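Undergrad: Chains as they are written, first to last, in my numbering: chain A, 286 to 561; chain B, 286 to 561; chain C, 286 to 561.
The set of hints was computed from the structure by calculation and includes no laboratory data. Treat the numbers as computed from the prediction; the structure is a model and nothing was measured. Among the hints, a few may not be true.
Which copy is meant is left open, so a pair is good if it fits within one copy or across any two.
Claimed, not checked - Below, a list of computed lysine-lysine pairs in the DSS-like style, where the Cα atoms sit at most 30 Å apart:
{"no.": "1", "residue 1": "K371", "residue 2": "K399"}
{"no.": "2", "residue 1": "K447", "residue 2": "K371"}
{"no.": "3", "residue 1": "K399", "residue 2": "K447"}
{"no.": "4", "residue 1": "K556", "residue 2": "K408"}
{"no.": "5", "residue 1": "K556", "residue 2": "K530"}
{"no.": "6", "residue 1": "K451", "residue 2": "K399"}
{"no.": "7", "residue 1": "K556", "residue 2": "K447"}
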Amino acid sequence: MADQEDTNTWGSTSWTRLSSLRQQSPLIQCITNLVSMDIMANTLLAAGASPAMVHSILEIPEFTPHTQAVVINVGTLTPDWLPAMKAAAAVANQLGKPWVLDPAAVGASGFRLKACLELIELKPTVVRGNGSEIIALSMASLGSTKGADSLHESSDAVEAAKSLAKSSGSIVAISGSVDFVTDGQRVIGAHNGVPMLQKITATGCAVTALIAAFVATDQTHAFEATASALSVFGLAGEIGMGLAKGPASLRMHLIDSLHGLDQETVLQRVKITSFS
Amino acid sequence: MADQEDTNTWGSTSWTRLSSLRQQSPLIQCITNLVSMDIMANTLLAAGASPAMVHSILEIPEFTPHTQAVVINVGTLTPDWLPAMKAAAAVANQLGKPWVLDPAAVGASGFRLKACLELIELKPTVVRGNGSEIIALSMASLGSTKGADSLHESSDAVEAAKSLAKSSGSIVAISGSVDFVTDGQRVIGAHNGVPMLQKITATGCAVTALIAAFVATDQTHAFEATASALSVFGLAGEIGMGLAKGPASLRMHLIDSLHGLDQETVLQRVKITSFS
Amino acid sequence: MADQEDTNTWGSTSWTRLSSLRQQSPLIQCITNLVSMDIMANTLLAAGASPAMVHSILEIPEFTPHTQAVVINVGTLTPDWLPAMKAAAAVANQLGKPWVLDPAAVGASGFRLKACLELIELKPTVVRGNGSEIIALSMASLGSTKGADSLHESSDAVEAAKSLAKSSGSIVAISGSVDFVTDGQRVIGAHNGVPMLQKITATGCAVTALIAAFVATDQTHAFEATASALSVFGLAGEIGMGLAKGPASLRMHLIDSLHGLDQETVLQRVKITSFS
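With the rest of the complex left out, here is chain A (with noise of 0.2 Å):
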């Protein structure tokens, strides 16, 4: 499946992504969940983005008008952070901003379910989430009452990832062993990464908010954008890796190497794939 073109394409579009991120160093509000901040703030930060944790309805009128992207993640939603949640994305779907859902836990309870239905209905740019999350959410979207466990491959959740890309006009990343973003057309796998940063707590939340920040700098091509964020991501950790003695030293390198990857590193070793 890998094809050593597309590969290169890729690398240089990734690099491009990163490189004006850094330039433009976008801001991205957050609303997020309450263990995810540290993180989120830093590898935004570390990319070159900022970031801004506001998530008070009060605030939203004036303050969402001057972000580039918003990230939403429900992670460890109450009912109180709701309505802020959807006056932001309404904000941005107004003023034609980009905004990324991260449906965490979706399958947790059915209070959160509705919430992401909800969400989904406010059209969010990208979606991203793990296997579970993306079949859950899109078997919902279409109606089914089927349960989705918890303990699927991202690569069997491909095609609902296809069928909620369609249904939502979003595009949808799965993230997993490999990654994979969607259209509803066009699927690619982002091969970067490693399996230890799932000891990380929040490492999902992360990327999320870093397709954000990609997204900003090049709204006309999300898809291209999400994948580069991915990869991007999942390369800083294969080389935080390499220094890591366990998961809290990954985590510092991971950051410190998102923070320092150079041109060269990136054309090399971003690896992305076609798969459909």
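With chain A fixed as given, assemble chains B and C onto it according to the hints.
TA: Relative to the frame of chain A, chains B and C by itself:
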């Protein structure tokens, strides 16, 4: 007091518990304070468990039944969080799952003390705190109005812990230069650990969560599981301290070491002694 | 402008304050944003203080009197947090304890600006922000309706800081490539620090908390304590930078270095100069 045979047995017990944890990867629901979320989740992941920070009362009835244990920590308690804590404890009891209470800074206010006493009524499997927290809670449980000061050594608190264990039916653990665990009759001292752990925020919260994960693997021996969790965490701290230059690098090396702990190290270095 | 004699005096002042902090271990209550809690608590611990993240209004009347200083940071402000902030500031005032305000992102919304102005009315001992925050706050305090943009260098903000200090009675500190501190008459520049600190989330919040801890050790010289805290934190950053490979390792080495700072290093390397 130290007994070589004892120590060898405890090393074996600790290794068995850690191995089971790695194999079973229990899902641990954490309703915890805002400061501790990152280190708690990362400690659980490094040990082999699956953390879930879910604190909305709307999700308790559906989500808590899927967990293997619940941790409740009142470190940044506000009234809106308390109903979910009680609901999760009630579900755990109803379904025969273990749950662990961390009465963080219970002496800070009457509000917090009352909340902890209400939680104690819901029969936690284990209660873990520092000496002054356990003394304050034990005295309040017994209806004493005598104030507790915050300078108690953990050894001074052993009698208070025994009283609390008897009145509540919980295993009670006291963190300090030596950790103590009692079921009201037996008392053991867990000697692993280093003083600099106190210079890292929320290490106490993290070890409470680790206790929940250990107990989840063998609920019928909660006393042994609690002692094992304290020792394994302390041992990871000792190994981390050998590489650390200060509290922040200790935090990193502690988590890396917890992830990498092997049988030989646990068997040789866990130090738990009988104390009564 | 730099004056060698000055610098030596300031080195001695900074060391005296840090030594006192380590000896007294003041209890610092932090009502702070959700992103900053981990690094703020760990910074305070590394410096020798005792952090307490207590934000329930129910606990203020009982708990705040036991603290040596209060920090209030509006970085993730929602309306439900504001009453506790005001209550804690009021208790601090009533009991003659210092309290420090961090008007994080005060320009984000009218809601946040209004909240900060209400807090300023409660007479913080010190206010610390970046240049644009201090300008926005100073102009709003003076009733100006002219907008503040976010690109001001800290040096541009000195006049705004002097105005704010005069009108509020607070010491005002501005973080930037050089930090400035003023009481409305005197102005000093604190030169320690490295640019990469801006690539780590919540370092500004952390230094605000450190100011509170320093001021807690000598409330009658809040101006000197504020300058000392900024220098000591910046110096720890400089030492950390010598070991760092990027922002995540800088964060670790910064906190380790703060914990390990010795007299000789402080005396030789603290660089504070008069500026008016």
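Undergrad: Each hint: holds or not?
TA: Here is what the structure says about each hint:
{"no.": "1", "hint": "K371 - K399", "result": "both (13 Å within a copy, 24 Å between copies)"}
{"no.": "2", "hint": "K447 - K371", "result": "within (24 Å within a copy, 41 Å between copies)"}
{"no.": "3", "hint": "K399 - K447", "result": "within (21 Å within a copy, 47 Å between copies)"}
{"no.": "4", "hint": "K556 - K408", "result": "within (29 Å within a copy, 53 Å between copies)"}
{"no.": "5", "hint": "K556 - K530", "result": "both (25 Å within a copy, 25 Å between copies)"}
{"no.": "6", "hint": "K451 - K399", "result": "within (19 Å within a copy, 45 Å between copies)"}
{"no.": "7", "hint": "K556 - K447", "result": "within (21 Å within a copy, 55 Å between copies)"}
Hint check: no violations occur; every hint is consistent with the structure.
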